[in-house]
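Construct all of the structure, not just a fragment, from the sequences and the given hints.
2 protein chains.
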Amino acid sequence: MSPTTRAFTDRLGIALPIVQAPMAGFQAGRLAAAAGAAGALASLPGAALDARRLADESALVRAAGVPVNLNFFCHAVPAPDAERQRAWRAVLAPYYAELGVDPATIQEGPGRLPFGDEALDAVLTLAPAVVSFHFGLPAAAIVTRLQQSGAQVWASATTVDEARWLDERGVDAVIAQGLEAGGHRGMFLTDDLTTQLGTYALVPQVVAAVKVPVIAAGGVADAKGVAAALALGAAAVQVGTAFLRCPEATTSGPHRAALASPAAAHTACTNLFSGRPARGIVNRLMRDLGCMRADVPPFPTAVNALAPLRAAAEARGIGDCSPLWSGQNAGGARDVPAADIVRGLAARL
Amino acid sequence: MSPTTRAFTDRLGIALPIVQAPMAGFQAGRLAAAAGAAGALASLPGAALDARRLADESALVRAAGVPVNLNFFCHAVPAPDAERQRAWRAVLAPYYAELGVDPATIQEGPGRLPFGDEALDAVLTLAPAVVSFHFGLPAAAIVTRLQQSGAQVWASATTVDEARWLDERGVDAVIAQGLEAGGHRGMFLTDDLTTQLGTYALVPQVVAAVKVPVIAAGGVADAKGVAAALALGAAAVQVGTAFLRCPEATTSGPHRAALASPAAAHTACTNLFSGRPARGIVNRLMRDLGCMRADVPPFPTAVNALAPLRAAAEARGIGDCSPLWSGQNAGGARDVPAADIVRGLAARL
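Quick note, the sequences are listed as chains S and C, same order. Position 270 of the first sequence, counted from 1, bears residue number 276 in our numbering, the numbering being contiguous throughout. Position 102 of the second sequence, counted from 1, bears residue number 108 in our numbering, the numbering being contiguous throughout.
No lab work stands behind these hints, which were simulated from the structure alone. Just so it is clear, the structure is predicted and the values come from calculations on it, not from any experiment. Be careful, since some hints might not be right.
[To be verified] Across the chosen pairs, the derived CB separations fall in these ranges:
id	chain 1	residue 1	chain 2	residue 2	range
1	C	E104	S	D108	22 to 30 angstroms
2	C	A317	S	R349	56 to 64 angstroms
3	C	G176	S	A266	25 to 33 angstroms
4	C	R92	S	S8	58 to 66 angstroms
5	S	L295	C	M298	15 to 23 angstroms
6	C	R290	S	G259	25 to 33 angstroms
7	S	G115	C	D341	39 to 47 angstroms
8	C	M298	S	A93	38 to 46 angstroms
[Claimed, not checked] With the Cβ distance kept under 7 angstroms, some of the chain S side facing chain C (calculated, not the full set):
id	residue
9	L98
10	Y102
11	G184
12	L203
13	A207
14	A229
15	K230
16	A233
Using N, Cα and C, we set each Cβ at its ideal position, and we do this for glycine too.
In structure tokens, the structure reads:
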């Protein structure tokens, strides 16, 4: 390992320059603790856990004796827009009918909340080693309080401009999220998907542009991928998709089946499931409606209209209406414990 | 260098596992000879050179005492469609007016021809070390005759399916063209851009899927990029954008200026210039009309309508109507001789 990588792991107190990616909706403490015990940095998706769950799941990680990264979203909360929701439900009407879902049962409300003062107090009591952000950063005062508590603050960049923006605001590391990555694009200075760079182009340009360590994300699926990222100048890698089939993940049956099937060869960025572009395996809803649509309600309120469709379909073992998040290299995902995935990733270090 | 890489360079008789990418319209023998003399594989864009030019430019390379790769296109020639051309010229009408171009001066005709029996005879007399193809392969009998002549046959793959298809047809190497690459996407089994993989995801999956050596293309801009590609299992790399500002390239002034400017940070795939998706720096035409349009005439006939606009604008030093091909990592391109670019790429080998 290079001096940069060694400094990165030493500062965190972890054995390996591998971050288990936080995956909102697909994992909690069990996966994090297993990945952490194997030498990676354990991550929890704070955006998908209320304060009590976050404390409970953090305790699971703490019991493994390893540091934790708590991840949060930093989106702007959109104003309610009943007309847009109504129009979107009309688009989805054939699916409600087919799956026997009563649209009147759809939950209203803002869905996932961005990180703010309330979450801050809860997080500070958990003393995480890292607090990482997607979709930008919270207010400067929050970043400062987190860092004063001893936590590192990281955030995702999908362009060189975003990386510079984060570096100027004092983050401790930048996660360079290449276009190959599964799940939500962390983009926050642009909503133009053509600006999104592949990992191979993004990582070295971000390394050249910022002062802080860079964590490469997107397409890293095995030991060769780890070696390549370090060769490109990354201090570490972040890996998500490779953990999705682990028994410790909470990935649904249809999602696991899709990841293990030839369907995983074709992923695309879609805003259908949440209102923001995220990469997932192309499924029926994406094929039927198109992957990117202007009439989808804004993030995160698009989740509501699809939630009962997703539940009804998944109950029948069908992933047609589910976000089947996956990166462009699902080959690293296997039906093995997370520790085996970590060991495989670390095999050339 | 690994045994795979060493075997690859030894078989070709070149010093370095670096292929100077063939770039139709932006280089000929001068760049190829310079890159070849520095230890890379010299490439000529056969698609942009008639038989006489091809012979002359090949002689330049031969004079440098190095092997040559002749590259050709394998597209299907579209049927003439006057109505579609007329409709497309109507879209472009404001630009004809602005630049003082008389649409009556537009050249008709099929434009660049795919590789066929006629080109075959000319190519065989030139005894290239490699004949490489973009957009698929020519007829099996042509592939066989080329290989019987002693040439290796290579072709580009943009998906794992395409790589398998080429491997099954007996190519000697597969060029894994990641989404980061500048210029035309080599895609030929699909026209769906969402199938296109980033280099980081494509290369290891192609390496795992085919029997033959894999050449990584897309985003490789410096010695770190070369090292990363070899770590991912590639036998060699193909580099294009890094050569575009060399004095030996025929890149236009506006194109060179764009590559050296902040504009190079934003590239996109566009079919406006040729009818097929190709990656270039976003310019006025792409912003005005949108990068991908269904009403563009099919490749290569879209070139005709734009050619006089491009010429008129470039004569004024403006790249608004030009294909400013570039990959997503233009940082490797500098105003230095091609030999310096090759030396930089090879610095960690």
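Against the structure, the hints:
1. C:E104 with S:D108: 22 to 30 angstroms: 57 angstroms, violated
2. C:A317 with S:R349: 56 to 64 angstroms: 59 angstroms, holds
3. C:G176 with S:A266: 25 to 33 angstroms: 31 angstroms, holds
4. C:R92 with S:S8: 58 to 66 angstroms: This hint holds: roughly 60 angstroms between Cβ atoms.
5. S:L295 with C:M298: 15 to 23 angstroms: 19 angstroms, holds
6. C:R290 with S:G259: 25 to 33 angstroms: 50 angstroms, violated
7. S:G115 with C:D341: 39 to 47 angstroms: For D341 (chain C) against G115 (chain S), whose Cβ atoms are near 57 angstroms apart, the range 39 to 47 angstroms is violated.
8. C:M298 with S:A93: 38 to 46 angstroms: 26 angstroms, violated
9. L98: Check failed: Cβ of L98 (chain S) comes no nearer than 22 angstroms to chain C, outside 7 angstroms.
10. Y102: 27 angstroms, violated
11. G184: 6 angstroms, holds
12. L203: Result: holds, 5 angstroms to nearest chain C Cβ.
13. A207: 4 angstroms, holds
14. A229: 9 angstroms, violated
15. K230: 5 angstroms, holds
16. A233: 4 angstroms, holds
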